[in-house]
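*Asks:* Listed below are the residues making up each chain.
2 protein chains.
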Amino acid sequence: MLLLSEKDIKKSLSMEEAINVIEEAFLKYANNDFVMPARTFSKVKDEDTLLIMPCFVDDCIGLKVVTSYPSNNTTNNPVTQGLVLLNNRETGDPLAIINGSVLTAIKTAAVSGVAMRFFMKEAETVGLIGTGLQGMYQLLAAVSSTSVKTIYIFNRSSEKTEKFIQEFRTISKSDIEIIPVLDKTELVRNSQIIITTTTSVSPVLPEISGLYENKLIVGVGSYKSNMRELPQTLFEDLDYYYIDSEQGKKECGDIIDPLKRGWVKENQIVLLSDLLKGGLKAPQNTNPIVFKTVSMALFDAYIGNYVFKKAKELGIGQEFKL
Amino acid sequence: MLLLSEKDIKKSLSMEEAINVIEEAFLKYANNDFVMPARTFSKVKDEDTLLIMPCFVDDCIGLKVVTSYPSNNTTNNPVTQGLVLLNNRETGDPLAIINGSVLTAIKTAAVSGVAMRFFMKEAETVGLIGTGLQGMYQLLAAVSSTSVKTIYIFNRSSEKTEKFIQEFRTISKSDIEIIPVLDKTELVRNSQIIITTTTSVSPVLPEISGLYENKLIVGVGSYKSNMRELPQTLFEDLDYYYIDSEQGKKECGDIIDPLKRGWVKENQIVLLSDLLKGGLKAPQNTNPIVFKTVSMALFDAYIGNYVFKKAKELGIGQEFKL
Chain C
1 MLLLSEKDIK KSLSMEEAIN VIEEAFLKYA NNDFVMPART FSKVKDEDTL LIMPCFVDDC
61 IGLKVVTSYP SNNTTNNPVT QGLVLLNNRE TGDPLAIING SVLTAIKTAA VSGVAMRFFM
121 KEAETVGLIG TGLQGMYQLL AAVSSTSVKT IYIFNRSSEK TEKFIQEFRT ISKSDIEIIP
181 VLDKTELVRN SQIIITTTTS VSPVLPEISG LYENKLIVGV GSYKSNMREL PQTLFEDLDY
241 YYIDSEQGKK ECGDIIDPLK RGWVKENQIV LLSDLLKGGL KAPQNTNPIV FKTVSMALFD
301 AYIGNYVFKK AKELGIGQEF KL
Chain W
323 MLLLSEKDIK KSLSMEEAIN VIEEAFLKYA NNDFVMPART FSKVKDEDTL LIMPCFVDDC
383 IGLKVVTSYP SNNTTNNPVT QGLVLLNNRE TGDPLAIING SVLTAIKTAA VSGVAMRFFM
443 KEAETVGLIG TGLQGMYQLL AAVSSTSVKT IYIFNRSSEK TEKFIQEFRT ISKSDIEIIP
503 VLDKTELVRN SQIIITTTTS VSPVLPEISG LYENKLIVGV GSYKSNMREL PQTLFEDLDY
563 YYIDSEQGKK ECGDIIDPLK RGWVKENQIV LLSDLLKGGL KAPQNTNPIV FKTVSMALFD
623 AYIGNYVFKK AKELGIGQEF KL
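Chains C and W, in that order, are what the protein sequence lines are.
Residue numbers for the first sequence follow this note's numbering, beginning at 1 and rising by one.
Residue numbers for the second sequence follow this note's numbering, beginning at 323 and rising by one.
Don't read these hints as lab results, they were simulated from the structure.
It is possible that some hints are incorrect.
To be verified - Below, computed lysine to any residue pairings styled on SDA-like, alpha-carbon distance capped at 25 angstroms:
no. : chain 1 : residue 1 : chain 2 : residue 2
1   : W       : Lys329    : C       : Arg39
2   : W       : Lys367    : C       : Val35
3   : C       : Lys312    : W       : Lys571
4   : C       : Lys28     : W       : Tyr562
5   : W       : Lys572    : C       : Arg39
6   : C       : Lys312    : W       : Asn398
7   : C       : Lys321    : W       : Asp370
8   : W       : Lys332    : C       : Leu322
9   : W       : Lys329    : C       : Lys11
10  : W       : Lys367    : C       : Lys11
11  : W       : Lys546    : C       : Lys28
12  : C       : Lys11     : W       : Asp370
13  : C       : Lys43     : W       : Lys329
14  : W       : Lys571    : W       : Gly637
15  : C       : Lys43     : W       : Asp415
16  : W       : Lys332    : W       : Glu412
17  : W       : Lys365    : C       : Asp93
18  : C       : Lys43     : W       : Lys332
19  : W       : Lys367    : C       : Glu251
20  : W       : Lys643    : C       : Thr91
21  : W       : Lys485    : C       : Val35
22  : W       : Lys587    : W       : Tyr562
23  : W       : Lys572    : C       : Lys28
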């Protein structure tokens with residue numbers, strides 16, 4: 001069995017590669033070429049949960065096991081921790097154990113990368129609301145999928161902001177300009193792409209009509225049914241609402257709520273995978289484009305299988321005789 | 323994170339210890355001192371399935387992930403393969419990955435060991451039907467929980483029998499007499515305890531009235547709803563039908579069928595955990611005693627947590643920085 005740590009994953013996989021791999025996974029999804037049993041959420045205590053997400057795709061059984069512990073926000077422990085397990089689909093053989101926290105972060109960013117590349121790869125300005133670990137990876141995905149030259153980040157704590165910027169420079173090895181702003185409206189005005197990665201229960205973007213013209217909004221956070229990041233205004237001039245997984249209609253407040261309130265109609269919700277499969281072009285008018293990702297086990301299994309094979313080929317990782 | 327292989331488990335845990343640990347787990351069950359979310363079975367192909375069994379007990383989240391591939395019967399791959407994962411219940415931290423196949427084999431045998439010790443620890447003769455890996459571990463449990471001096475095993479292939487006996491001698495380091503028999507009635511007549519560990523869909527014990535007087539029957543195999551090991555005769559003079567888990571009434575053919583056909587009444591089915599908790603004595607009349615184990619995630623989590631702590635204490639296992 002092969003063990004892949006955070007370092008091993010980073011050595012095996014570039015963000016650009018991850019975006020290409022996830023684009024392949026989108027096509028698997030569009031072609032229904034996978035089996036994805038229901039994922040289960042088990043309450044451990046209060047809001048702390050154990051998530052179990054299986055998927056069978058190609059030659060592997062992928063299983064993501066993640067603990068999501070909001071109670072860790074008050075300690076030094078990460079909120080999300082976990083593993084991705086791979087087994088041979090043909091024989092059941094355990095093949096690999098992969099750091100699930102890092103793989104999840106890279107995968108989630110790569111999903112956004114696919115969307116940014118598809119909808120607005122010429123964008124030169126990107127705004128970010130939510131400067132946690134996921135925000136960092138989202139910026140790396142923006143670097144790999146667009147022509148970004150200036151990044152605007154929203155953050156109240158200047159100390160945290162400084163640390164975030166330094167870390168981004170180290171990881172991305174880029175000298176892209178990063179400008180912290182304290183006003184979200186300014187951030188949106190200056191950015192062609194706006195990414196939100198918060199766990200907010202109420203909209204984190206301004207309710208200003210016309211503000212979002214010609215822009216791409218990528219909603220990454222607020223993945224639960226009681227959470228919301230996107231404002232009502234956004235839906236006023238929307239042609240379509242792009243999402244990555246059918247499951248989102250049942251699980252995600254940013255999709256459930258707009259549907260329930262009639263801001264968006266069921267037939268306006270379009271799977272990005274179907275656009276990719278159809279070889280379609282991104283819309284060309286000035287209406288805002290909104291993409292929301294809720295992700296799914298298929299992505300984790302697919303990219304896990306890819307990293308496993310790549311690492312094996314490169315001789316990366318630690319062997320363990322079970 | 324600590325990784326525990328087959329060898330590490332065997333170094334950390336004796337069968338006698340395993341029996342004591344599982345007896346503790348029975349008391350946890352009786353006291354309802356655990357949380358056990360529903361286990362899920364996902365079909366991979368035909369009869370090949372992925373089993374996911376979570377349980378929260380004491381300070382750990384235990385998760386057993388096992389593939390059960392009957393299709394491997396035609397190849398050299400084991401039918402059951404898997405892992406037990408442990409996370410810190412308080413923080414979500416991944417703590418350990420343990421060889422799930424070996425831990426399952428030991429645990430299943432230890433469950434029988436608890437029953438044999440409780441119902442008939444003075445037994446000097448044990449008969450076994452089903453000489454696979456599980457049969458081997460059952461005999462080791464019998465050695466640790468009874469006064470067994472002679473073992474009768476039923477097997478048609480003398481070559482396989484010879485190999486099985488040699489292996490038992492090596493592992494058990496005992497010179498207990500083992501006698502292969504070709505007649506099941508003879509096996510039952512000669513044995514005070516009879517253990518069945520098959521995947522049969524029809525009874526593997528003879529339908530002879532009075533044959534089971536004064537005997538303890540331990541049913542370990544045929545864990546699915548369409549499987550059956552135990553004969554109707556067995557239920558004729560039964561006081562109680564002892565089982566290890568409520569879940570068995572829904573999942574196990576050897577419990578479902580006798581209930582449905584009226585051979586046994588719902589109120590005759592008794593949890594072994596309740597006897598242990600109540601400090602009760604084993605029945606003293608001559609009627610057969612029947613114990614059927616279907617097991618549950620609680621046992622895996624509990625013994626997994628024990629092995630993890632013991633191995634850590636002894637410095638056994640391989641550390642892995644995730």
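*Asks:* Hint by hint, note whether the structure agrees.
*Replies:* Going down the list of hints, with the structure as the test:
Among the hinted pairs, W/Lys329 with C/Arg39 is inconsistent with the structure: their alpha-carbon atoms are about 33 angstroms apart, more than 25 angstroms. About 10 angstroms separates the Cα atoms of W/Lys367 and C/Val35, which keeps this hinted pair within 25 angstroms; it holds. At roughly 45 angstroms between alpha-carbon atoms, C/Lys312 and W/Lys571 are farther apart than 25 angstroms, so this suggested pair is violated. A distance of roughly 54 angstroms separates the Cα atoms of C/Lys28 and W/Tyr562; the hinted pair therefore is violated under the 25 angstroms criterion.
For the proposed pair W/Lys572 and C/Arg39, the alpha carbon gap of about 23 angstroms is at most 25 angstroms, so the pair holds. Taking the CA atoms of C/Lys312 and W/Asn398, the gap is near 24 angstroms; set against the 25 angstroms cutoff, the hint holds. This hinted pair checks out: C/Lys321 and W/Asp370 have alpha carbons roughly 24 angstroms apart, not beyond 25 angstroms. Note on W/Lys332 and C/Leu322: the hinted pairing holds, with a Cα-Cα distance of about 12 angstroms set against a maximum of 25 angstroms.
Our distance criterion of 25 angstroms between C-alpha atoms is broken by W/Lys329 and C/Lys11, whose separation comes to about 31 angstroms. A hinted pair counts as satisfied when its Cα atoms are at most 25 angstroms apart, and W/Lys367 with C/Lys11 does not qualify at roughly 34 angstroms. Between W/Lys546 and C/Lys28 the CA atoms are separated by roughly 34 angstroms; this puts the pair beyond 25 angstroms, and the hint is violated. Proximity of C/Lys11 to W/Asp370 is assessed by CA-CA distance (about 35 angstroms); at most 25 angstroms being required, the pair is judged violated.
Simply put, C/Lys43 and W/Lys329 have alpha-carbon atoms about 34 angstroms apart, too far for the 25 angstroms limit, and the pair is violated. For the hint pairing W/Lys571 with W/Gly637, the CA-to-CA distance comes to about 41 angstroms; that exceeds 25 angstroms, so the pair is violated. Under the criterion of a C-alpha separation no larger than 25 angstroms, the hint pairing C/Lys43 with W/Asp415 is consistent with the structure, at around 16 angstroms. As the CA atoms of W/Lys332 and W/Glu412 are separated by approximately 28 angstroms, the hinted pair breaks the 25 angstroms bound.
The suggested pairing of W/Lys365 with C/Asp93 holds, with an alpha-carbon distance near 16 angstroms, which does not exceed 25 angstroms. This hinted pair does not check out: C/Lys43 and W/Lys332 have alpha carbons roughly 33 angstroms apart, beyond 25 angstroms. Annotation: proposed proximity of W/Lys367 to C/Glu251 is violated, straight-line Cα distance about 28 angstroms (limit 25 angstroms). As the CA atoms of W/Lys643 and C/Thr91 are separated by approximately 28 angstroms, the hinted pair breaks the 25 angstroms bound.
A C-alpha spacing of about 41 angstroms is found between W/Lys485 and C/Val35, which places the hinted pair above 25 angstroms, so the restraint is violated. Proximity of W/Lys587 to W/Tyr562 is assessed by CA-CA distance (about 9 angstroms); at most 25 angstroms being required, the pair is judged to hold. For a cut-off of 25 angstroms, the pair hint linking W/Lys572 to C/Lys28 is broken: about 37 angstroms separates their Cα positions.
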